[in-house]
Amino acid sequence: MILFKKALRTVWRGKAAYISCMLLIAAGIYMLVALGASARALSASAARYYKASRLADAFASVSALPAGALSSLTQIDGVDEVQARLTYDARIVALNAEKLIWLRLISYDKSYPGIPLNAPSVTGFELTGEYDVWIGQSFLDTHQLKTGDELTAIVEGRQIPLHIAGGANSPEYVYAVRDPSDMFPDQEAFGIAYVDIHALSLLLNRQNTFNDISFSFENGYTFDGLKQNLNTALAPYGLISLIARKDLFSYNMVNSEIKNDMAMSYSVPILFAGMASIVLYLMLKRIIEQERPQIGTLKTFGYTNFEILAHYIWYGLITGLLGAIVGILLGGVSVKPMLDLYTRYFTLPDMSTDIPPDLIFIALLVALGFGTLGAYAGARPALRLNPAEAMRPPTPPPVKGDIMKQLPFLQWILTSRGSMALRNILRAKARSAFIMAGVMFSFGMLAAMCPMTTMMGDIILSKYSKVEAYDVKLTLKSPQASAGARQEAMKLPGAAMAEPLREIPAEIRMSNRKKSVILMGLRQDTMLYRLYDDEKHSVSRVPEAGIILNQFTADDLGARRGDAVLISTPYNSEEDEEISVTVKDIIHQNMTAAAYMDVNAVNAMLHLPDTADSVMIKTADLAGLKTAVNDAKNIRTIEDTYSAIANIKQAMGSYTSITWIIVALGSAIAFAIIYNSSAISLSEKKREYATLRVLGMQVGEVCEILNFEYWILFAAGCLLGIPFAAFLQNSINQMMAGYLDNFSMPTGIPLWGLGAAAGGCMAAVLLSNFSAKGKIRTLDMVEVLKERE
Amino acid sequence: MSENQNKNQQENQKDVVLSIQGVTKEYKMGEVTVQALRGVDFSIYQGEFLVILGPSGSGKSTILNIIGGIDQPSEGHIIYKNKDISKIREKELTRYRRASVGFVFQFYNLIPNLTAKENILLASELSPSALSVSELLETIGLADRGDHFPSQMSGGQQQRVAIARAVAKNPEILLCDEPTGALDFSTGIQVLKILKDFNTERNKTVVIITHNAGIGGMADRVLYIKDGLIDRVVVNETPVSPEEVRW
Ligand SMILES: Nc1ncnc2c1ncn2[C@@H]1O[C@H](COP(=O)(O)OP(=O)(O)OP(=O)(O)O)[C@@H](O)[C@H]1O
Ligand SMILES: [Mg+2]
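Sequence order for the protein chains is A and B. For the first sequence, the positions run 1 to 789 when our numbering is used. For the second sequence, the positions run 1 to 247 when our numbering is used.
Hints listed in this document are in silico derivations from the structure and should not be mistaken for laboratory results. Honestly, I wouldn't trust all of these hints.
Stated by the list, open to error - Covered by chain B, per the in silico footprint, the following chain A stretches (three or more residues, Cβ under 8 angstroms):
1) 283 to 297
2) 300 to 309
3) 565 to 573
4) 704 to 714
As the list claims (entries may be wrong) - Below, computed lysine-lysine pairings styled on DSS-like, alpha-carbon distance capped at 30 angstroms:
5) K633/A <-> K618/A
6) K429/A <-> K91/B
7) K226/B <-> K5/A
8) K477/A <-> K491/A
Said to hold, decoys possible - So, partial list: chain B residues that the calculated Cβ filter (under 7 angstroms) puts toward chain A:
9) N109
10) L121
11) S124
12) S129
13) L131
14) I173
Keep in mind that this is a model prediction, so the values were computed, not measured. Glycine included, C-beta positions come from ideal geometry on N, C-alpha and C.
Throw the hints in and build the complete structure from the sequences for me.
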């Protein structure tokens, strides 16, 4: 009981040190609770929503499937229900002059009995009028539209007035992007719109045919098991793609966010609590050394080893407990804002802001566990102390020669105080190592984290600056002769360069491994699309024959240069289901799996005429060009680099702020560690400094010795921190690679990262020095020297 | 009366609390071996006030530490209540210290983070027959200083707290290593008085180590140690009161 009081008081006296430890733990627990609770809420909400709205198990897109063929699909063994729809991306006019705005028109069958697959949740009125639509709620909100308003859409070249009958959310568009290559949702530029099926088929002039088929499976059947049969059944209708639910972009994004956050909610706290544990270990170790006589006294009275150990473990427990409480409270209030952040990207209903009790249990377990562990490891030497031994000050280690004598040249460089500092460092090796480790830790952490603030943006933007040299890419509705497409493109406003290309969905196979990619057919002399290697910083040439893969594709296939891979595309003929191609090169890219070939080679391989399905254009008059192609009939999409960059930059904003928060946390940790280690070291050397003061040294002179020590340790710590930073970065990258498909972080720490880390540590050292100076100035010599060590 | 007769007589009259038999202690420091104790035999009797005298380095603290169970002899036995405490395990040794021994150190060794009162409580919490803390504070004349921390007290005051702390458990044996070593004359007398009172009022055994021959005057028996051996034992028929001690 009294011992507990002593623990409390000791902690209170050294509060700065324990508080920073506690904050470390609190930061970890905060992440655990805030991220853990929100990821669970996201996961639960998504699961409920997908179930209630009957999200399909597989999705196919075809050219045209007649209504009559539907029953044959339903009869496939394992298929439970088939939903056939029409979808069409229509451009909306007059909402925003600068941006292209698209609504994905999705047919809706009012006559369907019960809940259809992929059922939208609707607020508003029935679809009664011909052009009544339910529009994605976030799209409505962004444009401040409401029920009763009208929009004009261009469908098959005709202007159609759409009448808003209500808002709708779809389980397929929880993460709503028009095309996976967009990466981030832009609620202003893309939305969904449900239109009555009869109205839509009339508009598209496709009565009784469908282009979008969804399947649900009977219990016990999987996508992989049914894929072959579905493929065969759909092939005659111009199968464009067939994917499982897990590969639906929106579904996949929600899932990887959950996975990612869950993983972070465990790894970050363990990292932080682990560091706190190490700091506690070091602190307790020093305390045990300092309190040797006290431990001896307690043992002499008959306190048992267990009681003494328990006493010191209290230090860790108190720290852990406070950290847990602070972390849980802060985490608790952050769940709501976290979920709000989610809803900027994910449209999901009712996310619970409650903190699951098991999470609190885990938080306590982590905080108390690491607190106890660190304290236990540090306090264990107390057990071995023999009481009679403990009452005496520890025998100083034998002095093994003097560095000044061994390295006499040092005397020329150093002042007398400098050499005193150097001797101090070497004499108290453990203490010096402690401070050095503090600097090393902090330096490594900052150096590894700072570059992350810009890396993600750099990766994505480098795609536009280094790879895609064009301003606009037009996707054609149907392939067109290359030469003609190029000529027409060159006639567009401001066009300076135009290059036709092929983009074909393909499945590449090598022995039993497969990978689905978009196979790009480029001209050998392409100027507008460069095969930039992010690692070698060089551009590869498109080979005349053979294929270039990037490392995501190559790694998944296990392919190496010179290997033969098999390619199948929707254009392959029956007898030529797979065509063998040689891998000419593998390039390293930071994002998305890809494969590249010469456009002529692609056409030849698939027995296609010299045609293109997209055109890349470099133009001086972007706005003019956009207006000019707006109403062109054969253009499916217009992808313009500038809006894409703007959208990414905006989306990156919140990511960047998150990484900055992590950096801020990192700095706080760095500061805590450096400040702590130097404060502990100072309190240990109080006697020594007091003696120097009694001898007649000025405060400044004592500080000079101290500062000298710190700067030597600082420099050494920074040097050690460089490899440590590389190690940390590598671990972070590996962790990220595990959770994000087709995404790799560049390695290597830029010079500015090292600079920032050194600067951060230097600030902490300066502040520690400053505070040390104050302490030395107010040092009560009488009191310090009265205490017996 | 010869010394030997006297000894026999005493042994017959009084119960032995602790019997020290053939105790040696060596410290090995690399090549050099220091013989701190070279074979020491003696008994400590119930209720006696024993003073161990000897020059610096003669082995006084070493023998006291061994008696108190905080250090182990290299050879020999220490018998307490029919048990050889030089042979028992750490757990049992701790129990022995907890229940039977009170220790006063030359340098007080108060816990700096605890107040005077709490330092005493620290010990009394260990014993079921503990003495009242407020009475103890009264006895040592520091009733009004109970809430002060060691750093706020003088050396003599700290030593008195240390004694109160050792006494608080109400131990069978009170062991004091140079209790007056760091104190001035009159404070030293005060401290000795407290120790003597504990000895007489509660009939407990008190062992004091000192190199101050004057203190020998108040002992029932004085043990002279020299070079790790017992030089001689002197029984004091008429111990003086602490106030009369001079040095
Ligand atoms: N831990 C140790 N290592 C080596 N030698 C030791 C150790 N402790 C004591 N000694 C030696 O044992 C001998 C006896 O020491 P002890 O402390 O018992 O002397 P003392 O009689 O108490 O002296 P003082 O009156 O100065 O306290 C001394 O020679 C001392 O140097
Ligand atoms: Mg001694």
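Right, here's what the structure says about each hint:
1. 283 to 297: holds (count 4)
2. 300 to 309: holds (count 6)
3. 565 to 573: violated (count 0)
4. 704 to 714: violated (count 0)
5. K633/A <-> K618/A: The hint holds at about 21 angstroms.
6. K429/A <-> K91/B: violated, 34 angstroms
7. K226/B <-> K5/A: Judged against 30 angstroms, a Cα distance of about 44 angstroms means the pair is violated.
8. K477/A <-> K491/A: holds, 19 angstroms
9. N109: Result: holds, 4 angstroms to nearest chain A Cβ.
10. L121: Where the cut-off is 7 angstroms and the nearest Cβ of chain A is about 5 angstroms from L121/B, the hint holds.
11. S124: Status violated, d = 9 angstroms.
12. S129: Check failed: Cβ of S129/B comes no nearer than 13 angstroms to chain A, outside 7 angstroms.
13. L131: violated, 14 angstroms
14. I173: violated, 13 angstroms
Violated hints, in rising order: 3, 4, 6, 7, 11, 12, 13, 14; the structure is consistent with all others.
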